[in-house]
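Protein chains: 2
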Amino acid sequence: MNDAVTRETLVGRLQDALGATAVLSGETDTAGYTEDWRGRYRGDALCVVLPSSTEQVSAVVKLCAAAGVPILPQGGNTSLCGGAVPPTDGPAPVILNLARMRHIRQVDAANGSMIVEAGCILKTVQETAADAGRLYPVSLGAEGSCQIGGTLSTNAGGTSVLRYGNTRENVLGLEVVLADGTIWDGLRALRKDNTGIDLKHLFIGAEGTLGIITAAALKLHPLPTHHALAWFAPRDPAAALRILGMFQSACASRLSAFEIMNRHQLDLVLENVPNRRNPLAGAHPWHVLVELSDTRDADALEAVLTETLGEAIEQGLVDDAVIAANETQRADLWEVRHSVSEANKKAAVGLTTDCAVPVSSVPEFIDAATRAVHAVVPGLDIAIVGHMGDGNVHFIPMFSFAAWAALADSAAMGDAMRACVNDVAARLAGTFSAEHGVGQTGLPLMQRYKSTAELALMRTLKAALDPNQLFNPGRLVP
Amino acid sequence: MNDAVTRETLVGRLQDALGATAVLSGETDTAGYTEDWRGRYRGDALCVVLPSSTEQVSAVVKLCAAAGVPILPQGGNTSLCGGAVPPTDGPAPVILNLARMRHIRQVDAANGSMIVEAGCILKTVQETAADAGRLYPVSLGAEGSCQIGGTLSTNAGGTSVLRYGNTRENVLGLEVVLADGTIWDGLRALRKDNTGIDLKHLFIGAEGTLGIITAAALKLHPLPTHHALAWFAPRDPAAALRILGMFQSACASRLSAFEIMNRHQLDLVLENVPNRRNPLAGAHPWHVLVELSDTRDADALEAVLTETLGEAIEQGLVDDAVIAANETQRADLWEVRHSVSEANKKAAVGLTTDCAVPVSSVPEFIDAATRAVHAVVPGLDIAIVGHMGDGNVHFIPMFSFAAWAALADSAAMGDAMRACVNDVAARLAGTFSAEHGVGQTGLPLMQRYKSTAELALMRTLKAALDPNQLFNPGRLVP
Numbered sequence: 001m002n003d004a005v006t007r008e009t010l011v012g013r014l015q016d017a018l019g020a021t022a023v024l025s026g027e028t029d030t031a032g033y034t035e036d037w038r039g040r041y042r043g044d045a046l047c048v049v050l051p052s053s054t055e056q057v058s059a060v061v062k063l064c065a066a067a068g069v070p071i072l073p074q075g076g077n078t079s080l081c082g083g084a085v086p087p088t089d090g091p092a093p094v095i096l097n098l099a100r101m102r103h104i105r106q107v108d109a110a111n112g113s114m115i116v117e118a119g120c121i122l123k124t125v126q127e128t129a130a131d132a133g134r135l136y137p138v139s140l141g142a143e144g145s146c147q148i149g150g151t152l153s154t155n156a157g158g159t160s161v162l163r164y165g166n167t168r169e170n171v172l173g174l175e176v177v178l179a180d181g182t183i184w185d186g187l188r189a190l191r192k193d194n195t196g197i198d199l200k201h202l203f204i205g206a207e208g209t210l211g212i213i214t215a216a217a218l219k220l221h222p223l224p225t226h227h228a229l230a231w232f233a234p235r236d237p238a239a240a241l242r243i244l245g246m247f248q249s250a251c252a253s254r255l256s257a258f259e260i261m262n263r264h265q266l267d268l269v270l271e272n273v274p275n276r277r278n279p280l281a282g283a284h285p286w287h288v289l290v291e292l293s294d295t296r297d298a299d300a301l302e303a304v305l306t307e308t309l310g311e312a313i314e315q316g317l318v319d320d321a322v323i324a325a326n327e328t329q330r331a332d333l334w335e336v337r338h339s340v341s342e343a344n345k346k347a348a349v350g351l352t353t354d355c356a357v358p359v360s361s362v363p364e365f366i367d368a369a370t371r372a373v374h375a376v377v378p379g380l381d382i383a384i385v386g387h388m389g390d391g392n393v394h395f396i397p398m399f400s401f402a403a404w405a406a407l408a409d410s411a412a413m414g415d416a417m418r419a420c421v422n423d424v425a426a427r428l429a430g431t432f433s434a435e436h437g438v439g440q441t442g443l444p445l446m447q448r449y450k451s452t453a454e455l456a457l458m459r460t461l462k463a464a465l466d467p468n469q470l471f472n473p474g475r476l477v478p
Numbered sequence: 001m002n003d004a005v006t007r008e009t010l011v012g013r014l015q016d017a018l019g020a021t022a023v024l025s026g027e028t029d030t031a032g033y034t035e036d037w038r039g040r041y042r043g044d045a046l047c048v049v050l051p052s053s054t055e056q057v058s059a060v061v062k063l064c065a066a067a068g069v070p071i072l073p074q075g076g077n078t079s080l081c082g083g084a085v086p087p088t089d090g091p092a093p094v095i096l097n098l099a100r101m102r103h104i105r106q107v108d109a110a111n112g113s114m115i116v117e118a119g120c121i122l123k124t125v126q127e128t129a130a131d132a133g134r135l136y137p138v139s140l141g142a143e144g145s146c147q148i149g150g151t152l153s154t155n156a157g158g159t160s161v162l163r164y165g166n167t168r169e170n171v172l173g174l175e176v177v178l179a180d181g182t183i184w185d186g187l188r189a190l191r192k193d194n195t196g197i198d199l200k201h202l203f204i205g206a207e208g209t210l211g212i213i214t215a216a217a218l219k220l221h222p223l224p225t226h227h228a229l230a231w232f233a234p235r236d237p238a239a240a241l242r243i244l245g246m247f248q249s250a251c252a253s254r255l256s257a258f259e260i261m262n263r264h265q266l267d268l269v270l271e272n273v274p275n276r277r278n279p280l281a282g283a284h285p286w287h288v289l290v291e292l293s294d295t296r297d298a299d300a301l302e303a304v305l306t307e308t309l310g311e312a313i314e315q316g317l318v319d320d321a322v323i324a325a326n327e328t329q330r331a332d333l334w335e336v337r338h339s340v341s342e343a344n345k346k347a348a349v350g351l352t353t354d355c356a357v358p359v360s361s362v363p364e365f366i367d368a369a370t371r372a373v374h375a376v377v378p379g380l381d382i383a384i385v386g387h388m389g390d391g392n393v394h395f396i397p398m399f400s401f402a403a404w405a406a407l408a409d410s411a412a413m414g415d416a417m418r419a420c421v422n423d424v425a426a427r428l429a430g431t432f433s434a435e436h437g438v439g440q441t442g443l444p445l446m447q448r449y450k451s452t453a454e455l456a457l458m459r460t461l462k463a464a465l466d467p468n469q470l471f472n473p474g475r476l477v478p
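Chains as they are written, first to last, in full-length UniProt numbering: chain B, 1 to 478; chain A, 1 to 478.
The following block holds chain B by itself, in its conformation from the complex (with noise of 0.2 Å):
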């Protein structure tokens, strides 16, 4: 019972704790945990373990502690960044995914807020939160299968950051599994609290490598029961941004999303998506969805859609425009923008990079970081598509699959791009994950990008909270 616990003693005590059926091993359970859902990564786990609470968690960890085995905590395993999957090397890690810590403790309403447990799916909190008239704002594509925990612990951004904010903003507290298997109970759904350091900030996006997320109180929004879409071709970048200072100061909050893409990304989800429709007539070299949203009258908000976009067109900025009738248009429409990912990976091979910019830097942004992959293979199609509202745009140099497998170093080539890309936007103030996360993609790019003395500080933190390197070592910091 007592004897000391050893890597080769780990899944049996393991099983012991938690009950069999908790402990997965053997690369048939354990396939669905080790890879990556776009099989990109991979890496071996000692075993994963599926805790049901908080305390089997802590469980968990001081055993993981005791044998000094590393723990990978894992959400949906929806990371674009390698960041929910084991390393290649390295010594095998017990994944500890939470998708048993489901349940929803609390809803309040009056005080717009709600206590989940880390394993609940994002999309079954957006609909628990609708029920009780509420908005769980943070919405993105695996909404369906990713887990609070892990949009935590990535500070996930999405479609909703221009009006609510990332993941961040809508957090009011946190229960943390902390190194030593102390439970932090930083449950309090407060709106304000000065009461000394802000512990929650240190584990949203610090990707498990600080403690282990298995609960949160969020915030919730009033629900918005009203829409006016409308997709426009700008003149240029900097026309949309004209429109989006615009915007911004008639609707104020009611702006709820600002998207660009340019004509080659659209092109590739009209050739490449059944049913997608082109928006407009012709063809245009930019376009743009905007969407405003209230919580009443839908007349007024259609009226200063209307009339913001007439002001832009009056001043040229605008080569034609269309304003959804009805939400089947506005779905249609918004299905163009969602459809890029699926275009995309049938197309070509995009080399897909996450930057954020000043909003401002936007347009000086896309024109330098063409200019500079041109510099490298001339006329290469390039797929932009962005959240022009947060500066955040993703900007992909696109392969033909043929030219792509002609290449000589495809893997020198995919780095030379992105490092274009990436250079750019660090010219600019700008940063190479707006909202992915490092993963294991990033994190060569931290000690590329990243002050000497921001990593130190990262690294002070990162030793005097997990001292022996038991959360995901060699993660997030290099």
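A couple of the hints might just be wrong.
Claimed, not checked - Cβ pair distances, simulated, as ranges: (1) A:Ile104 / B:Pro467: 40 to 48 Å; (2) B:Pro285 / A:Ala298: 35 to 43 Å; (3) A:Gly316 / B:Ala298: 28 to 36 Å; (4) B:Glu127 / A:Glu327: 42 to 50 Å; (5) B:Asp180 / A:Gly414: 36 to 44 Å; (6) A:Ala303 / B:Ala325: 44 to 52 Å; (7) A:Glu35 / B:Thr452: 39 to 47 Å; (8) A:Ser341 / B:Pro285: 51 to 59 Å; (9) A:Arg448 / B:Thr328: 53 to 61 Å; (10) A:Asn272 / B:Ala325: 58 to 66 Å.
Hints listed in this document are in silico derivations from the structure and should not be mistaken for laboratory results.
Ideal placement from N, C-alpha and C gives every residue a C-beta, glycine not left out.
Let chain B serve as the given structure and place chain A on it in line with the hints.
Okay, now just chain A, sitting in the frame of chain B:
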């Protein structure tokens, strides 16, 4: 030149480094820095330094570190809890006041951001933003003299939290001088950045214990140009809570203030401050000021205000109400709310508290705290004024000057009264300091109300970032 710095030689070395006019010593010159504005706290300082640049701050930190003399960073010295002046015991620190660092480094209206140095006065920042057609929303009583660095270090609240959040939510990046004199340049003005631990949140609200904030990238918002305001008498706090929910559902983020006070508080204003008029005829037990604001359409704003209030009246939740007919009336009604501190100071000895609870628990908090206070002093007058939309209630037991003077042990009575109130907040999962911070007043309360795990985490962070206890030793974490 390279002699070791000691406590004895430090003042001279600081003068060498910064120039003689940037180092004040002697009681006369330092008096304005060593005592708080209300005259309740006073402590000795070795000297006061007034650096003009981040590099000078770094030089001061290195010299003090070498001499082993602690540093007390100071802004406008407007703390309500003794947070900005030296302690009465322990070695006298160097006060590092940031008043000379008041350069506005950048205003970027299109990005909704500005970069300011820590010594900028809050009001200057608000005005500079407004000149650029943008809003810096943080607003509070001391805005004419408090410095941005102080508002950041205390995560200041105020009257716009309901719509725009605390200071923390309005910061994009920071520049900080660390305990070894390193300058961390985290002045990114990005809406999204997921590249590692979000370091800025460590320093915001840390009350100068982890580093010295020298500059910040602040978030700006569209400037609201239209307002609609009503003053009404809800039946009771429970009715006020229901009406708050109605306004939130109807108005979403147009709702910019929802302030509650009880009859005793209103009477104190009317009796003690000249030219304040009762907003409503007759006597009512509870009062609410509600304000909507928007970037357009004053008529629509007044319509939704009238409509929502009408609904509340129809449901029997409101006894009487008045809508401000013009800007003068609106200003007059705000004046009543803003006269609370002046009135209370003149009227009696008020034992101010600063609790927040979940918004849904505000009625229970008021009820239970009243019973707790009256169990100790039956029938004692209580002034209640609060930011109800944030769950933040200043619940103030009031003693007449005569009654207070007659007490055998007034300090013990003060502690007992505050404990009554804070204990109720703690029982309702609330906090003893919503917006004022910890300072000197709150230090014993940290021990009383914070969990062992939470205090241990804070101590770990302090030890990691400031191992030699250079910054504000003994503060924030007991």
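Hint-by-hint comparison with the structure:
The hinted range of 40 to 48 Å is satisfied by isoleucine 104 of chain A and proline 467 of chain B, whose Cβ atoms lie roughly 42 Å apart. Taking the beta carbon of each, proline 285 of chain B and alanine 298 of chain A are about 39 Å apart, inside 35 to 43 Å as hinted. About 30 Å separates the C-beta atoms of glycine 316 of chain A and alanine 298 of chain B, a value consistent with the hinted range of 28 to 36 Å. Under the hint 42 to 50 Å, the C-beta atoms of glutamate 127 of chain B and glutamate 327 of chain A, about 44 Å apart, fit the expected range.
The given range of 36 to 44 Å is respected by aspartate 180 of chain B and glycine 414 of chain A, whose C-beta atoms sit roughly 39 Å from each other. At roughly 26 Å, the beta carbons of alanine 303 of chain A and alanine 325 of chain B sit outside the given window of 44 to 52 Å. Restraint check, glutamate 35 of chain A to threonine 452 of chain B: a C-beta distance of roughly 41 Å satisfies the suggested window 39 to 47 Å. Look at serine 341 of chain A against proline 285 of chain B: about 58 Å separates their beta carbons, and that is inside 51 to 59 Å.
Between arginine 448 of chain A and threonine 328 of chain B the Cβ separation comes to about 59 Å, which falls inside the hinted range of 53 to 61 Å. Roughly 60 Å separates the CB atoms of asparagine 272 of chain A and alanine 325 of chain B, a value that falls within the hinted 58 to 66 Å.
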